[in-house]
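Spelled out, the chains give:
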Amino acid sequence: MGKLKLLQGNEACAEGALYAGCTFFAGYPITPSTEVAEFMARSLPKIGGAFLQMEDEIAAMAAIIGGSLAGAKSLTATSGPGFSLKQENIGFAALTEVPCVVVNVMRGGPSTGVPTGPGQSDIMQCKWGTHGDHPVICLTPAYVQEIFSETVRAFNLAEKYRTPVIIAFDEIVGHMREKIEIPDKGVLPVEDRPKPACKPSEYLPYDDSKGDVPPMANFFEGYRYHVTGLNHGPDGFPVNASPRIHTDELRLMRKVEANRKEIIRYEDYMTDDAEVVVFAYGVSGRSGKTAVEAARADGIKAGLFRPLTIWPFPEEEVASIASRVKGIVVPELSLGQIIFEVDRCAKGRCRVEGIYRVDGDPITPSQILAKIKEVK
Amino acid sequence: MSFDYDQYIRGGKLPHIWCPGCTYGIVFKSLLRAVDSLKIPKDDVALVSGIGCASRLPGYVDFNTLHTTHGRALPFATGLKMARPDKKVMVVSGDGDATAIGGNHFIHACRRNIDITVLVFNNFIYGMTGGQYSPTTPSGHLATTMPYGNIDPSFNIPDLAKGAGASWVGRGTAYHAAALDKLIVEAIQHKGLSVLEIINACPTTHGRRNKFKSPTDMLLWMKDTALPVTAFDKLPPEKTAGKFPTGVLFKREAPEYCETYYGLVERLKSPKEGRA
Ligand SMILES: Cc1ncc(C[n+]2csc(CCOP(=O)(O)OP(=O)(O)O)c2C)c(N)n1
Ligand code: SF4
Ligand SMILES: [Mg+2]
Numbered sequence: 001m002g003k004l005k006l007l008q009g010n011e012a013c014a015e016g017a018l019y020a021g022c023t024f025f026a027g028y029p030i031t032p033s034t035e036v037a038e039f040m041a042r043s044l045p046k047i048g049g050a051f052l053q054m055e056d057e058i059a060a061m062a063a064i065i066g067g068s069l070a071g072a073k074s075l076t077a078t079s080g081p082g083f084s085l086k087q088e089n090i091g092f093a094a095l096t097e098v099p100c101v102v103v104n105v106m107r108g109g110p111s112t113g114v115p116t117g118p119g120q121s122d123i124m125q126c127k128w129g130t131h132g133d134h135p136v137i138c139l140t141p142a143y144v145q146e147i148f149s150e151t152v153r154a155f156n157l158a159e160k161y162r163t164p165v166i167i168a169f170d171e172i173v174g175h176m177r178e179k180i181e182i183p184d185k186g187v188l189p190v191e192d193r194p195k196p197a198c199k200p201s202e203y204l205p206y207d208d209s210k211g212d213v214p215p216m217a218n219f220f221e222g223y224r225y226h227v228t229g230l231n232h233g234p235d236g237f238p239v240n241a242s243p244r245i246h247t248d249e250l251r252l253m254r255k256v257e258a259n260r261k262e263i264i265r266y267e268d269y270m271t272d273d274a275e276v277v278v279f280a281y282g283v284s285g286r287s288g289k290t291a292v293e294a295a296r297a298d299g300i301k302a303g304l305f306r307p308l309t310i311w312p313f314p315e316e317e318v319a320s321i322a323s324r325v326k327g328i329v330v331p332e333l334s335l336g337q338i339i340f341e342v343d344r345c346a347k348g349r350c351r352v353e354g355i356y357r358v359d360g361d362p363i364t365p366s367q368i369l370a371k372i373k374e375v376k
Numbered sequence: 001m002s003f004d005y006d007q008y009i010r011g012g013k014l015p016h017i018w019c020p021g022c023t024y025g026i027v028f029k030s031l032l033r034a035v036d037s038l039k040i041p042k043d044d045v046a047l048v049s050g051i052g053c054a055s056r057l058p059g060y061v062d063f064n065t066l067h068t069t070h071g072r073a074l075p076f077a078t079g080l081k082m083a084r085p086d087k088k089v090m091v092v093s094g095d096g097d098a099t100a101i102g103g104n105h106f107i108h109a110c111r112r113n114i115d116i117t118v119l120v121f122n123n124f125i126y127g128m129t130g131g132q133y134s135p136t137t138p139s140g141h142l143a144t145t146m147p148y149g150n151i152d153p154s155f156n157i158p159d160l161a162k163g164a165g166a167s168w169v170g171r172g173t174a175y176h177a178a179a180l181d182k183l184i185v186e187a188i189q190h191k192g193l194s195v196l197e198i199i200n201a202c203p204t205t206h207g208r209r210n211k212f213k214s215p216t217d218m219l220l221w222m223k224d225t226a227l228p229v230t231a232f233d234k235l236p237p238e239k240t241a242g243k244f245p246t247g248v249l250f251k252r253e254a255p256e257y258c259e260t261y262y263g264l265v266e267r268l269k270s271p272k273e274g275r276a
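Residue numbers (the working numbering), protein chains in the order written: chain P, 1 to 376; chain H, 1 to 276.
None of these hints come from the bench; they were simulated from the model. Backbone N, C-alpha and C define an ideal beta-carbon position, used for all residues, glycine too. Where hints are given, some of them may not hold.
Unchecked claim - In silico lysine-lysine, DSBU-like type, Cα no more than 30 Å apart, as pairs: (1) H:Lys243 - H:Lys213; (2) H:Lys162 - H:Lys223; (3) H:Lys243 - H:Lys269; (4) P:Lys301 - P:Lys376; (5) P:Lys5 - H:Lys269; (6) H:Lys13 - P:Lys199; (7) H:Lys87 - P:Lys195; (8) P:Lys195 - H:Lys13; (9) P:Lys46 - H:Lys87; (10) H:Lys42 - P:Lys210; (11) P:Lys199 - H:Lys39; (12) H:Lys213 - H:Lys29; (13) H:Lys191 - P:Lys46; (14) P:Lys199 - H:Lys243; (15) P:Lys46 - H:Lys234; (16) H:Lys213 - H:Lys39; (17) P:Lys261 - P:Lys199; (18) P:Lys199 - H:Lys223; (19) H:Lys13 - P:Lys210; (20) H:Lys191 - P:Lys3; (21) P:Lys185 - H:Lys269; (22) P:Lys255 - P:Lys210; (23) H:Lys42 - H:Lys191; (24) P:Lys160 - H:Lys42; (25) P:Lys210 - P:Lys160; (26) P:Lys195 - H:Lys213; (27) P:Lys347 - P:Lys127; (28) H:Lys39 - P:Lys195; (29) H:Lys29 - P:Lys199; (30) P:Lys160 - H:Lys29; (31) H:Lys269 - H:Lys191; (32) H:Lys191 - H:Lys162.
What the hints assert, rightly or not - Restraint ranges, calculated between C-beta atoms of paired labels, are given here: (33) P:Ser242 - H:Gly242: 42 to 52 Å; (34) P:Arg254 - H:Lys211: 49 to 59 Å; (35) P:Gly113 - H:Pro20: 46 to 56 Å; (36) P:Gly21 - H:Pro237: 55 to 65 Å; (37) H:Ser37 - P:Leu4: 43 to 53 Å; (38) H:Leu14 - P:Arg254: 50 to 60 Å.
All chains, please: the whole structure from these sequences, using the hints.
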């Protein structure tokens with residue numbers, strides 16, 4: 001038995017990071033994510049880790065990449081406007097393959113929007129926020145316990161695939177308090193980045209000949225190499241107008257695409273015989289579950305598909321549901337974003353109906369239930 | 001015996017990208033001589049840069065090198081240094097990189113007084129993008145985005161650094177290369193944030209447009225307008241108009257950021273004092 005605690009989602013996120021071995025945090029205060037930074041500010045100095053409040057979110061993102069390159073598992077946390085500011089350096093981490101975890105506690109937007117209210121309207125930004133093609137892993141926990149375990153998983157995926165991983169949850173689950181169990185050390189797996197086994201003189205930091213994820217040497221460990229945000233060759237030095245750029249960008253995408261089975265996680269609740277399935281994540285997923293239970297009580301065959309991994313998108317799973325059901329209901333705290341993906345995968349095989357809300361309140365189970373009844 | 005640059009230059013990475021007449025090569029060599037004289041193991045040095053012609057320098061040197069995003073070298077370097085406070089972290093930045101897009105990071109790195117050596121290559125222009133005005137372009141100078149002469153007031157980089165809290169501030173020029181070696185050595189040795197402004201010439205995008213007939217003219221301009229700070233300070237203002245002081249312009253003892261932070265970490269280890 002681990003330790004039982006009553007924690008807020010944001011605190012559970014920080015606890016998860018520490019469990020995963022995070023020793024470096026840089027951030028900039030912003031509602032509704034600030035408690036992550038505050039927790040790390042209390043905890044990291046006690047374990048000899050580094051905590052930095054930087055001058056802005058751009059700097060915070062840069063600092064965690066620096067920290068990670070020097071060997072520390074690194075985290076930053078932010079919301080809406082701050083997430084926008086981080087985008088250029090998220091792309092830098094993706095191209096240079098520096099593991100790091102970025103938490104986005106979603107509020108209403110655009111601009112300053114609704115700082116204290118929940119939102120789910122950054123979900124496309126999580127995938128497309130930085131310029132250029134790049135791999136993305138984005139996790140969407142909905143319960144405080146899940147925020148803890150998915151944060152551990154985020155670090156593992158970042159380290160294993162050498163890529164930034166985004167954790168996106170909304171203000172409601174970020175601020176909600178629930179009882180959680182923090183498992184003992186060793187219960188949840190903790191992964192570290194692949195390290196080179198070769199001699200420093202033979203090290204090629206971006207060698208793709210032995211697999212899609214090249215081993216990563218930390219700075220100051222004897223493997224002197226070059227890291228650049230320019231497209232680069234196996235040795236890390238810039239290349240211009242070369243076929244390598246094309247093959248290397250394909251490799252970056254493949255790190256995620258070829259490992260969908262491992263990366264994609266979801267809760268599948270009573271979808272087997274369902275005629276209507278609710279596709280929802282985060283707080284909308286919680287309402288979705290209550291709605292499905294109410295529908296079942298009314299004799300309606302409803303089910304819930306709740307992705308814990310939103311990017312890469314669970315394409316096959318949604319396609320398979322679409323071929324079995326009459327309709328998919330997509331509640332989201334936006335004016336309709338993730339529904340585009342559901343629609344793309346459903347390919348017209350069933351009805352796809354959205355429920356949108358951006359007034360600062362969550363979508364209620366009764367709103368979803370009404371839509372389930374309409375679709376069945 | 002002549003200095004062996006090859007021990008620091010990465011095999012096969014030359015020729016560099018810099019134009020004929022660009023003074024960055026002179027400063028590059030000065031940096032290598034300075035680092036060599038300090039006998040710091042290459043494995044223990046990280047050289048970090050942003051984006052621009054100056055920022056291409058790290059790619060040529062056999063250290064741990066990090067070429068980041070425009071203006072952001074200092075926060076990347078801050079991350080490296082906080083994670084490994086025992087290592088030497090240096091930054092190479094252009095005038096635009098350090099004081100325009102990176103201006104906020106620049107002043108805050110100075111304020112923290114973290115032990116990073118910052119070399120600002122000031123060529124008074126955005127070289128890499130083809131000659132747009134920067135925060136240091138002199139008044140009246142022509143730039144592609146100041147086609148009628150620069151109307152923007154400019155930054156004095158050492159004043160900015162000092163005002164923001166840097167604990168060592170100096171200025172050298174590409175012309176005075178021997179003196180520059182010594183300044184770089186002192187900047188690296190200083191514990192705390194050191195800013196060394198290095199006056200450079202960009203003949204391609206600045207000199208040609210501004211009545212410098214050749215790159216040599218730009219070097220001669222440095223020779224004529226730079227005055228050692230000791231001499232500069234003794235002259236009345238009318239004699240220093242149009243000139244700039246070089247050398248160590250300012251230094252002070254101040255707590256270094258990593259020492260303070262890891263001092264806190266040590267304090268928290270003793271249960272009596274750790275109240276958090
Ligand atoms: C975010 C961003 N904005 C703009 C640019 C384009 N850019 C590249 S280098 C540069 C200016 C560089 O000037 P400076 O820092 O003075 O360096 P120099 O080339 O003169 O050495 C600019 C504006 C960029 N790379 N990134
Ligand atoms: S454009 Fe100017 S700064 Fe850039 S390499 Fe050429 S001369 Fe040097
Ligand atoms: Mg410049």
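Does the alpha-carbon distance linking lysine 46 (chain P) and lysine 87 (chain H) stay inside the 30 Å limit? The given pair, whose Cα atoms are some 22 Å apart, holds under the 30 Å limit.
Holds or violated: lysine 347 (chain P) to lysine 127 (chain P), with C-alpha atoms at most 30 Å apart: Holds. Lysine 347 (chain P) to lysine 127 (chain P) sits at ~21 Å (cutoff 30 Å).
Just to be careful, I want the Cα atoms of lysine 195 (chain P) and lysine 213 (chain H) compared with a cutoff of 30 Å; is the pair within it? violated (53 Å)
Given the hint that lysine 261 (chain P) pairs with lysine 199 (chain P), test it: the Cα-Cα distance must not exceed 30 Å. This hinted pair is violated, its Cα atoms lying about 34 Å apart.
Could you grab the alpha-carbon distance between lysine 13 (chain H) and lysine 199 (chain P) and see if it respects the 30 Å cut-off? Holds - the C-alpha atoms of lysine 199 (chain P) and lysine 13 (chain H) are around 21 Å apart, at most 30 Å.
Decide if the proposed pair is consistent with the structure: lysine 13 (chain H) and lysine 210 (chain P), CA atoms, cutoff 30 Å inclusive. holds (25 Å)
Taking the beta carbons of serine 242 (chain P) and glycine 242 (chain H), is their distance inside 42 to 52 Å? Check passed, 48 Å falls within 42 to 52 Å.
Between the alpha carbons of lysine 46 (chain P) and lysine 234 (chain H), is the straight-line distance 30 Å or under? violated (52 Å)
Hinted pair, alpha-carbon criterion (30 Å max): lysine 255 (chain P), lysine 210 (chain P). Please report holds or violated. holds (13 Å)
Keeping to a limit of 30 Å between CA atoms, is the pair of lysine 5 (chain P) and lysine 269 (chain H) held or broken? Distance of about 24 Å is within 30 Å: holds.
With a cut-off of 30 Å on the C-alpha distance, tell me whether lysine 199 (chain P) and lysine 223 (chain H) pass. violated (47 Å)
Tell me if the straight-line CA distance from lysine 42 (chain H) to lysine 210 (chain P) falls inside 30 Å. Since the Cα atoms of lysine 42 (chain H) and lysine 210 (chain P) sit roughly 28 Å apart, the hinted pair holds (cutoff 30 Å).
Checked against the numbered hints above, the structure breaks hints 3, 14, 15, 16, 17, 18, 20, 26, 30, 37 and 38 and satisfies the rest.
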